[in-house]
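For chain A, the structure is supplied; the task is to place chain B on it using the hints.
2 protein chains.
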Amino acid sequence: MPQTGHQYDQQPQAARQTPQAHEGRQITQDRQYQRPRPDLTARLNAWHARLAAANPAADLEAGEKAGARLIIPGSPEWPTQLDQLGPGRPLGLWLHGSADLRFSCLKSVAVVGARAATSYGNHIAAEFGVGLSEAGWTVVSGGAYGVDGAAHRGALAADSPTVAVLACGADVCYPAGHDTLFAAVRDQGVVVSECPPGVHPTRARFLIRNRLIAALSRGTVVVEAALRSGALNTATHALSLNRHLAAVPGPITSGMSAGCHRLLRERKAICVTSPEEMIDLVGVIGDDLARQARAPAVPRDKLNEPTRKVLDAIPTRGGAGPASIAVAAGVSLDAALSALGGLAAAGYIERATNGWRLRKESASYRKAPDSAFLEPPSTPEPAPLDDPPSPEDADPPHEMAPATWEDYR
Amino acid sequence: MPQTGHQYDQQPQAARQTPQAHEGRQITQDRQYQRPRPDLTARLNAWHARLAAANPAADLEAGEKAGARLIIPGSPEWPTQLDQLGPGRPLGLWLHGSADLRFSCLKSVAVVGARAATSYGNHIAAEFGVGLSEAGWTVVSGGAYGVDGAAHRGALAADSPTVAVLACGADVCYPAGHDTLFAAVRDQGVVVSECPPGVHPTRARFLIRNRLIAALSRGTVVVEAALRSGALNTATHALSLNRHLAAVPGPITSGMSAGCHRLLRERKAICVTSPEEMIDLVGVIGDDLARQARAPAVPRDKLNEPTRKVLDAIPTRGGAGPASIAVAAGVSLDAALSALGGLAAAGYIERATNGWRLRKESASYRKAPDSAFLEPPSTPEPAPLDDPPSPEDADPPHEMAPATWEDYR
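Quick mapping for you: the protein sequence lines, in order, are chains A and B.
Quick note on the UniProt record's numbering: the first sequence kicks off at 1 and runs consecutively.
Quick note on the UniProt record's numbering: the second sequence kicks off at 1 and runs consecutively.
Pulled out of the complex, with its shape left as it was, chain A reads as follows:
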């Protein structure tokens, strides 16, 4: 059933040939002025031999016995997005599980990544599994160890159907350690394979399977991938199909994120850091927009510009009179006097023996009064924050520096 000879599937494999192999072909090309034609007779004979070994009746019986069903293009459950694979479209799919494949894949995202995932990758995959499922998106993955398994588990934990596309028969449990996971997927989602029952996975079948993961979903997110990873093969399929491709960044010290970073660096993938951002990518324009990540507002944000200038000009130690504060702030004396009154009322500053200084002792501010000098807060007051950072302050230990300090450099 797998169409090993199809050109669409051969592309990634060809790209991974060694320079020697490429050189060898080059020489042949130079000699013949064209790529050598495949020996069609030999190929036909190979297929003939394979045909003789095929036993469709036994396959159907084995499938029925295992509880799987076979769908073909035109079946009500057939996901029509697979038609985009052109001649590489599977001839049929074996399904095993309670969920309807077509319905499940209407809104679906492929979450793929390394088998040998780090704990970071597993954590992120599970978070994406939960987050996408809770937002009504089906998680499609390959049922492998690592990222795939974590993504499926996340989806199952969110009581959502999930689709596992296998490189072996739908009744074969590969990897064997995932037998309970696959049982849960069959119970709540569906296990998919284009191989007949009883077929074991091979390298080629994994690569061919990857095109189905990409083709079933609206977009693919690579959670973790080494430089040489099957997940990057899925990513290539997603790009070939003009589906959205996203990658999750990770530490540059981790080899398991190197593949993701290469996708980002080459601008093949969009950087996503949360399930919401992934949905922003694959969802409906406008409806599924992710909120832009924002740092929390600090009370200082509510001050108007001259008041902020005056606040910046007030010393931490000692004290300064209104005139010198006005000079340092670059505002008029009247403006400075007005701002000083507002700032004192809001608890930012206090009187010193020789003028004004920043108030240090209070850990929280009183609510800013609705004055002309302080913008009235229209949103609920944010949680009390530390003192406004002051550059003339003693140097804070940098592990303890408050987040707002960053605002300062």
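Take the hints with a grain of salt, since some may be wrong.
Covered by chain A, according to a simulated footprint, are these stretches of chain B (three or more residues, beta-carbon under 8 Å) [stated by the list, open to error]: (1) 67-74; (2) 226-232; (3) 246-252.
DEER-style ranges, computed between Cβ atoms [what the hints assert, rightly or not]: (4) GLY341/B with VAL284/A: 38 to 48 Å; (5) LYS360/B with LEU239/A: 34 to 44 Å; (6) ARG267/B with LEU91/A: 51 to 61 Å; (7) PRO56/A with SER254/B: 50 to 60 Å; (8) VAL284/A with SER324/B: 27 to 37 Å.
For the record, the hints were derived by calculation from the structure and aren't laboratory data.
We put the CB at the ideal spot given by N, CA and C, even for glycine.
Frame of chain A, contents of chain B only:
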């Protein structure tokens, strides 16, 4: 000396105004059909008051006493790339240190990031400091705690000049904990400030300083930045100046990488994961190309396609005869027999009682023979690797899965 009123510098600040402030201005605009004009008289008076407090002669004396020198546009040491700031170009710069600023900044990269950097950020900043310096690039940064300090230290460790651009007078040590660092920078590189000696840093001066960091260097790399970070202000300046902007990704679970990820997500910055990739960005086209990251080749890469197909079709357990292997591999019996001979000679497979099976016991292969079936290795044989992974193999524990396994999904 800092030009607080210049429009170029006001942009980022305006963008960070609260929605309320923005709304307030909107109302004013609607009423007047234009932005309210600044009260020029008041501003002039404020500048007059400041002018009265200025004492250039004392500044020059203090600078000379501290060992600093003043350069102005036209001085031999003036870095002409600052002219791109237009009217925002500094009127002059105070320099303190042994290095020549103009020469140091001919090939320079700004390494910026969070003060409250994580150990990851500090590590990466130091690595970039060392890597850039060893490749002949000067590291420009702000001398702050965290990423800035680590980048300077990395450059100093590589015996390279480094440029610290301060928001206070060149003789003021802010942060105070960096006094030994600044002494080392003065010794080997140069400390730069546009503030006269004795001036203390303020919020506004940090933001104004950031434009100099961006303008002095050919490109800026943001190592770690929270969503609200001064480093992002520097990034904005770099973009305004059409300089290269890069960001280092990090764990999405780290708030200190959120700013970097936003830059990547919005495609404002290029993803860089090593100093070489940064140099690829800012360097000479062709000369400074970074090697594309590649996973190591495995012996299997050297097999030609039919041989690879045959290898994939050989079972781990039991054994299979040449005819059934040929059917499974989809090659002719002759081709299968030839490939089996080569694979056996290369140590990939062995004879079983009923045919052939994968060889499991050997941890390394013999050198592949130069046969027609196996591409002759033209490069030195890579280090011995584990057995070629087999899908029918017992499931390997996923922490221990070899890197080549990933190739398999």
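Hint by hint, here is what the structure shows:
{"no.": "1", "hint": "67-74", "verdict": "violated (count 0)"}
{"no.": "2", "hint": "226-232", "verdict": "holds (count 6)"}
{"no.": "3", "hint": "246-252", "verdict": "holds (count 5)"}
{"no.": "4", "hint": "GLY341/B with VAL284/A: 38 to 48 Å", "verdict": "violated (59 Å)"}
{"no.": "5", "hint": "LYS360/B with LEU239/A: 34 to 44 Å", "verdict": "holds (37 Å)"}
{"no.": "6", "hint": "ARG267/B with LEU91/A: 51 to 61 Å", "verdict": "violated (40 Å)"}
{"no.": "7", "hint": "PRO56/A with SER254/B: 50 to 60 Å", "verdict": "holds (54 Å)"}
{"no.": "8", "hint": "VAL284/A with SER324/B: 27 to 37 Å", "verdict": "violated (51 Å)"}
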